[in-house]
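Enquirer: Residue numbers (our numbering), protein chains in the order written: chain A, 1 to 937; chain B, 1 to 429.
Hints may contain errors.
As the list claims (entries may be wrong) - Straight-line C-alpha distance at most 16 Å; calculated EDC-like pairs for lysine to aspartate or glutamate:
hint, chain 1, residue 1, chain 2, residue 2
1, B, Lys148, A, Asp612
2, A, Lys624, A, Asp612
3, B, Lys163, B, Glu327
4, A, Lys325, A, Asp159
5, B, Lys164, B, Asp240
6, A, Lys160, B, Glu97
7, B, Lys163, B, Glu335
8, A, Lys624, A, Asp913
9, A, Lys124, B, Glu335
10, A, Lys819, A, Glu830
11, B, Lys148, A, Asp863
12, B, Lys163, A, Asp159
13, B, Lys74, A, Glu491
14, A, Lys260, B, Glu327
15, B, Lys148, A, Asp913
16, A, Lys260, A, Glu240
17, B, Lys148, B, Asp115
18, A, Lys260, A, Glu306
19, B, Lys39, B, Glu327
20, A, Lys260, B, Glu324
21, B, Lys39, B, Asp240
22, A, Lys160, B, Glu324
23, A, Lys260, A, Asp159
24, A, Lys615, A, Glu676
25, B, Lys74, B, Glu216
26, A, Lys615, A, Asp629
27, A, Lys819, A, Glu836
28, B, Lys164, A, Glu228
Please keep in mind that the hints were generated in silico from the structure rather than gathered at the bench. Remember, it's a predicted structure, so these values are computed and weren't measured experimentally.
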Amino acid sequence: MSMRLGPQPGEVLDRTRPFTFTWNGREVPAYQGDTIASALAAAGVRVFSRSLKYHRPRGLLTASFHDPGCIVQVDDEPNVRGAHRLARPGMRVRSQNTWPSLNFDVKAINQLAGRFLSAGFYYKTFIRPRWLWPTYERVLRRFANGGEVPPEAAGDYYDKRYAHPEVLVAGGGPAGMAAALAAADAGASVLLVEEEHQLGGHLCWGDEADLAALRGLSERVAAAPGIEVLCDSAVLGRYEGNWIAVVQRTVPGVAERLVKVRAGTLVVASGLIERPYVFAGNDIPGVMLSTAVRRLINLYAVKPGERAVVLTGNGDGDAAVADLKRAGVTVAHIADARLGDDIVRAHGRGRLRSVELPDGRRVDCDLLVTATGWTAPAALLTMAGDRPVYDPRAARYFPDPARLPEDVLAAGGIAGDGSLDELLAHADAVGAEAARRATGAGDGPVPIPTLPVDAHPALFRGRTHGIVDFCEDVSSTDLVQAVEEGYRSVELVKRYTTVTMGPTQGKLEAVNAVAIVAEATGRSIGETGTTTWRPPYVPVTLGALAGRVFEPVRYSPMQPWHEAHGATPLVAGAWIRPDHYGDPHAEARTVRGDVGIIDVTPIGKLDLRGPDVPKLLNLLYVNKWSKLDVGRVRYGVMCADDGVVLDDGVTGHLGPDHYLMSTTSSGAATVWEWVENWLQTQHPDWQVHVTPLTTAYASMNVAGPRSRELLERVTEGVDLAGEAFPYMNVRTGRVCGVDDCVLWRIGFTGELSYELHIPAAYGLHVWETLMERGHDLGIAPFGVEAQRILRLEKGHLIVGQDTDGLTRGFSAGLDWAIKLDKDDFVGKPELAWQQEAGEYPRLVGLQPLDGSVVPEEACQIVDPPRRADRRPRIVGRVTSSRMSPILGRSICLAQVDAHLAAPGTQVTVRLPDGRHIPARVTDHLAHFDPTGDRLRV
Amino acid sequence: MPTRPRPRRYPARYSAFSLLRHGLAGDHLVPAWRDRELKNSYDVVIIGGGVHGLATAYYLAANHGITDVAVLDKGYVGSGGSGRNTAILRSNYLTPEGVRFYDRSVRLYERLAADLNYNVMFSQRGHLTLAHNDSSLRTMRWRAEVNKLEGVDSEVVGPAEIKKLVPYLDVSAAVRYPILGALYHPPGGIIRHDAVVWGYARGASGYGVHIHQNTEVTGIDVAGGPNGRRVRGVRTDRGDIAASTVINCTAGWSTLVAEMAGVRLPIQTFPLQAAVTEPVRPFLDAVVVSGSLHVYVSQTDRGELVFGASVDPFAGYSMRGSLEFVEGLAGHVLELMPSLAKVRLLRQWAGLCDMTPDFSPIMGRTPVDGFLVDVGWGTYGFKAGPVSGEAMADCVATGRTPDIIAPFGVERFAEGRLLGEKGAAAVGH
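Excised from the complex, chain A in its bound form (with noise of 0.2 Å):
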C-alpha cells in the first residue's frame, strides 16, 4: 500500500526522477531525493530491523541520520543509516541480522525470555561447566548485532583535505546560517558544516513562514563571498587547538573525504535532538519522534500512519498535529503533558495497535507521535573543556559558557529558546564575535543578547517501564536493576548494561539513562552527573580516516640496476633493498676471491661540522676520539644511559672541524634524533651543526682482493697504494669523473674494501662504471644475505641481532672498545657498575659440532635436566647463525651465560623440533681470518 502524499511544499523529491532499487531481493520505487528509508516508508514498509537482545521488530524512531531502527546492509557495506542515505538506483538494501527473514526471525523466541534476560544475565550464567563455555560463546556471538563485512576490499576511493577557515560553523540551521552570514559580512572566511544532505535545519520541515525564512537564509549563504557549505558532512571532532576533524560525504569519485580544519574560532550551532519518551511499548513500529513525522510528511511527502495518538509537551508536538491532519492522518487523541495527560503503555506486536491512557482506555491506532523534549547535543562543547549544566524548567542541559575557552562559542537551540528572531539575533551576534576573535578586526567585543529559557514539563519514563537504549535493547528495568546491585555511578550503569554503548553513542538516550539512575538513586539529575562524550560524534569509516594508504618506500639511485638484475627485494624498514642477485653463496665467494660491490645507501650518515665535534664523539661513544687525525677513521660504539649498546659505526675525520658519522641502516633516525637530543637538551652551548645526509648520498662497498686494482681504475687524486692510504682512512676525491665523493676504507665483509659515498644523483653512473671497467676482474654485485655470511665469517656484530635491549657494552664483546678511564660517556656508570660487577653473559662465536647443522636464530642454548621431569634451563642463545661458503660448515654467534663464555666450552643447543645438539665455544668471534691480514694488505 502506498503511503505517498502528493507534492507538498518542502518536499525534497525530484518527482521527474523516478527509479527503483531492492529491498530484501524485492523491487521498491523511490524518487531522486528520497532516503532508503523515506522510500521504503512510502512504499508501506513498517518493520526496518529487529532489536538487538530480545529480536524485537524495528520501525522508524526519528527518521534522521541517528534512527536506531532503520540500520541497513547496502551492497557490501554494513550499518548505512537508512534514514539518512540516500536511495540510489539498483542499490541492494537488506536488513541485518535477521533469519530466516525480517518478518519471521527465529531469534525473536528471545522475547518470551525476556524476563530472565535481565542486565548483565550473562555475567551470571554459562559459569560451569567451563568446558562448554567456547559453545556458549559462540552462540552469543551470534546475537551480535551488525551488518557483514566482505573479505576482499572494494577498493573504494578515500581522500583527505586541509582547511583553514577563520570560523568554522557546526550545524547548517538557521543559527548556523545566521552565525554564518554575520562572521562572512564582518570579513572572516567561513566552513559552515551540515549534517542534512541541505541547509535549514529545522525550517525545511516547518511551515510557510519556515520555508520563506529558509529561502532568504540560504539565498544569503549561496551569494556571500566568504562562505563554504558543506553537507551531508559531519563535525567528528574538536581537538587541542581547534583542530577539527570533518567527514565529507559528497565529494564526486570519492566515497569520504577527511576534511582536517584549523580553524581560528567554533560556533557549535548543532541544534536540539529530540528525546524519546520511556514507556512500555515505546520501541513497537508506529512509535515515532514528532519531528520523525515531521520530516516524513514535509521533506518525503510520505503519510506516517492512518490513525494516530500524539503525546506532546512543546510546540513542536502541536506543529506535528498540525501536519498529520493535513497529511490526511486521523488524530485520535491528544494527551497534552503540559496540562499533566499521559499514555501509559503501547500494545501491538509488530505494528501499533492502540494506546492505553492512564484511565485505562484503549485508542486504537497505528501511529504514536511523541514530543516529550531536547536533548542538547553537547559533545563538540565537551571535548573543548565545557560541562553542561542541568537546567531543571528547563529539564535539559545547557552549556556552561565560563567553561568554553575563548576559541569555541556556542548558538542557536543549544543555547537556548525563544523564536525565530531571537534566535537568529543571538546567532549573528555569535558569528560576528566570532570573526572577531578569529580575525582581531572590529572595534572590541560583540554583545551578544542572552536567550531565554523556556519551561518544559520533565518527561524521561512515564508510569511504565520501556527502551531506553533502543541500539542495545536496554529497558528502564534494566538500570534499575543495575543500580540495586550495587552499580550506583552512571559510568558503571553504562559498563554493567550497555546503555550508551552502541551506534548513537547516547545522543538519544543519554539523558533517559541519567534521569533512570537518579530515579533509582534518590539523586538529582545534576547530581548524577552524565557519561563522557567522546570523538567522533558520528561513527567515520576507517578507509576516511586512513585516506589514501601513504606509506613511503625509499630506494637508492641504484634501484634500476638492481631491478634489471634481477634482485630478489628484502624490505629493511622504510628501505626497500636487494637480498640477493640469486646465489647469495656465490656471491659471498666473488668477495673472497675477486671483487664484489654492495649497495649500501641506507647506511645512516651525518655531517658534523664545529670545533666541538670532539666532545660530541667523546660523550656518545664508549670510545676515546680526541686524538683522530685528518684523514682517519674510526670504529664507534654508542650506548645508551643504561649502558645498553645503541648503535655502531665509523666516523671519519674529513678536514678541520669537519666529520662525517655513518650508523646503522636501522639506526639512522634513531641516531640523528639522539644526537640533537644530546646537543639541544644538554649541550645547546657547543658548537655543532649536524646534517643528515643518508640519502643525499649513494654508499656502495667495493670488497674482495681486487678492489684496489679497480678503483685505481677509476679514481683520480687520491694515492690509492696500501701504505699512502692504509685502513681505518678516510681520503676525498673524483670516482669515475664524479667530484666530492669520500672513501673509507675500512672492511665489515673482512677483505680489502673501500666504501664510497658518491653524491646522489651520479650513484647509478658511478655503479655502472664499476660493474663495467670490473668486469675483467670479476667483479659481481652481493646482495644483504652475502654481506650477512661474510660479516659472520669475520665475526662483526649487527646491533639489534647479536645484541639486545638488555645487551650492555660488555656483553657485547666491546671491552676494548669501552674506555672507562674517560672523564665521561653516556652509559659510563652503568657500564662501569657492569665491569665491577663481572658475571655478566657474553657475545661468543660458536661453532655446532656437526658443522652440517645449522642451528636457525634464536634457538635457545639449555643446560639440559639431570632429570626427565625437569624443565631445561636457559643459558644462552644462537644470535646469527649461516652456513659458511668459505669454511664448508656452520658458524655462530651467540649469547651465553658467563661461565660458558671460555673458548672450547662444550654447550647445547636446543632446536625447534626438540633435539638437542653439541657445540664449541670458538676461540674468536672471528670464524674466518682471525688476525685480519686481509683487511690489511
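Chain A is already provided as a structure; the job is to place chain B on it using the hints.
Expert: Here is chain B on its own, set in the frame of chain A:
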C-alpha cells in the same frame, strides 16, 4: 601457597536457576558489593580500585583470611586502566621470568569465572603476533623457543597457516609490509575487563572487604627517620585512616602516590590510546597484533572491533584521544585487512600507562616498611591482575616476597638486574 579456605557463600549465588527464580518471582536483586561506613583504621589499605587492587584484596581474604581490608578509589571501581585497556590476555613473553608469571595469570583467569561465581567471559580464541621482517621473525622464534621451554603453547607459523586462522588478513607479498610469519599462541584471547573488576569486587566484598569509591588519597603518613621509615596510614578527602600496611595499586598515578610516602619510582606515565568500531558480524576469532604497524585488533562477542597501538610518544597525564592517532590506526588496520574500509569507528579514548625502563613491573616491598607497591604496569597490567593480586596477598600475609615476583623488586634498578621484556611487551598485546 597455603591451602584455600572454603569460600563463604556469597549473599546471592549466580546461576541460571537464580536468574529463573528472579524472573518468575520478581524479587529484589542483591547488590554485588555492599556500601560500608569508612572506618578510621584497617589492617590493610589498598589504594586503587582496579583489577590489581581488588584482586589483592580478594586473595588476602580468600587465601589468607585477612579481611580487615579497605580498597580506596578516587572514582568508581575500574575507572582507570582496568576499564580502559583492550582486554587481551596472553603469556607468550620473552624472558623465562615473564613467561612463568603471565602463565600463572592466564591459568588463574581460566578458572576465574568459577572461582568468583561471575562470568568474566574469557575467550581463548588464540593470539597472533605478525612478523613483517626477518628481525621480528627472529624475535618471534626466540619467544616461541622460550615459551616452549617454559611449557607455554606458542609456535611460529607461516602465511598459509595465518590465512587459515584469519581469512581477512592480506598475506600477499604485494603489500608494503608483507606478512612473513607470526607467533601463534592458542591460549591467548580476550576477556570482559569490567566483569573481572566487578567479580573481584563482589568476591572481596563477600568476604567482608570494604570498597570505598569516590575516596581520594591525599597523603600517606610515614613515621621514622633516615634509617627506618614505617607507614602509619593514609589521608583521604573523607578522613584519615590508620593502617600498618598500605599497598599502592594506582598504575598511571603510581609515582604521585608513591611520592606521598617519600618513595621515588623509576616510572614515567604515558598515555595509551585505543578505539572501537560499530558492531559487525563476527569474522575475527584470534587477536591479531602487528608490531611493525603498531596496531592490534580483536573482535568482541558484541561484534565490535577493538583497536590499540603503542603508547603516545610523550609522557603525560592527558586522557584525551587525538585525531592523528585514529588516522594512523585506520591506515594500519586497512594495511592488514583492506576490506574493513567501510567499517565505522565508534569511539576513541585514552588511558595511562606507568612505564618502567625495562618494561617489567615493580612489585613488593619498598624502603618504607609496610608500604608496598604493585606498579609499573605499562601496557600489560590487565593481563597480570590475578597473579599480581595472589602474589601481593602472599607477600603481605607471609611477610616474604614470593618467588614468582622476586625478579620484579624495586631494588633491581639499584642492583643492575633489569628484565628485558621490551621485545615482547612494547606493542605486544
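Enquirer: Next step is simple, just say for each hint if it's right about the structure.
Expert: Results of checking the hints against the structure:
Of the supplied pair hints, the one linking Lys148(B) and Asp612(A) is violated, its CA atoms being roughly 52 Å apart against a limit of 16 Å. The hinted pair formed by Lys624(A) and Asp612(A) meets the criterion: a straight-line CA distance of about 14 Å does not exceed 16 Å. Between the alpha carbons of Lys163(B) and Glu327(B) the distance comes to roughly 26 Å, so the proposed pair goes past 16 Å and is violated. At most 16 Å may separate the alpha-carbon atoms for a hinted pair to count; Lys325(A) and Asp159(A) exceed this at roughly 46 Å.
Between the alpha carbons of Lys164(B) and Asp240(B) the distance comes to roughly 58 Å, so the proposed pair goes past 16 Å and is violated. About 47 Å separates the Cα atoms of Lys160(A) and Glu97(B), which puts this hinted pair outside 16 Å; it is violated. For the suggested pair Lys163(B) and Glu335(B), the alpha carbons sit about 15 Å apart, so the restraint of at most 16 Å is met. For the hint linking Lys624(A) to Asp913(A), the alpha-carbon distance of about 46 Å lies beyond 16 Å, and the restraint is violated.
About 39 Å separates the Cα atoms of Lys124(A) and Glu335(B), which puts this hinted pair outside 16 Å; it is violated. For the proposed pair Lys819(A) and Glu830(A), the alpha carbon gap of about 13 Å is at most 16 Å, so the pair holds. Pair hint Lys148(B) plus Asp863(A) holds up; C-alpha atoms about 15 Å apart against a cutoff of 16 Å. For the hint linking Lys163(B) to Asp159(A), the alpha-carbon distance of about 29 Å lies beyond 16 Å, and the restraint is violated.
Pair hint Lys74(B) plus Glu491(A) holds up; C-alpha atoms about 14 Å apart against a cutoff of 16 Å. Between Lys260(A) and Glu327(B), the direct Cα distance comes to roughly 11 Å. Compliance with the 16 Å bound is thereby established for this hinted pair. A threshold of 16 Å between alpha carbons decides the hint, and for Lys148(B) with Asp913(A) the separation of about 10 Å falls inside it, so the pair holds. For the hint pairing Lys260(A) with Glu240(A), the CA-to-CA distance comes to about 13 Å; that is within 16 Å, so the pair holds.
For the proposed pair Lys148(B) and Asp115(B), the alpha carbon gap of about 28 Å is over 16 Å, so the pair is violated. A hinted pair counts as satisfied when its Cα atoms are at most 16 Å apart, and Lys260(A) with Glu306(A) does not qualify at roughly 46 Å. For the proposed pair Lys39(B) and Glu327(B), the alpha carbon gap of about 49 Å is over 16 Å, so the pair is violated. Taking the CA atoms of Lys260(A) and Glu324(B), the gap is about 10 Å. The hint holds against a cut of 16 Å.
Our distance criterion of 16 Å between C-alpha atoms is met by Lys39(B) and Asp240(B), whose separation comes to about 9 Å. For the given pair, Lys160(A) sits about 13 Å from Glu324(B) by alpha-carbon distance, which is consistent with the 16 Å threshold. Between the alpha carbons of Lys260(A) and Asp159(A) the distance comes to roughly 11 Å, so the proposed pair stays at or under 16 Å and holds. A C-alpha spacing of about 14 Å is found between Lys615(A) and Glu676(A), which places the hinted pair at or below 16 Å, so the restraint holds.
A hinted pair counts as satisfied when its Cα atoms are at most 16 Å apart, and Lys74(B) with Glu216(B) qualifies at roughly 4 Å. At most 16 Å may separate the alpha-carbon atoms for a hinted pair to count; Lys615(A) and Asp629(A) meet this at roughly 15 Å. Annotation: proposed proximity of Lys819(A) to Glu836(A) holds, straight-line Cα distance about 14 Å (limit 16 Å). A C-alpha spacing of about 49 Å is found between Lys164(B) and Glu228(A), which places the hinted pair above 16 Å, so the restraint is violated.
In the structure shown, a violation is registered for the earlier hints numbered 1, 3, 4, 5, 6, 8, 9, 12, 17, 18, 19 and 28, in ascending order.
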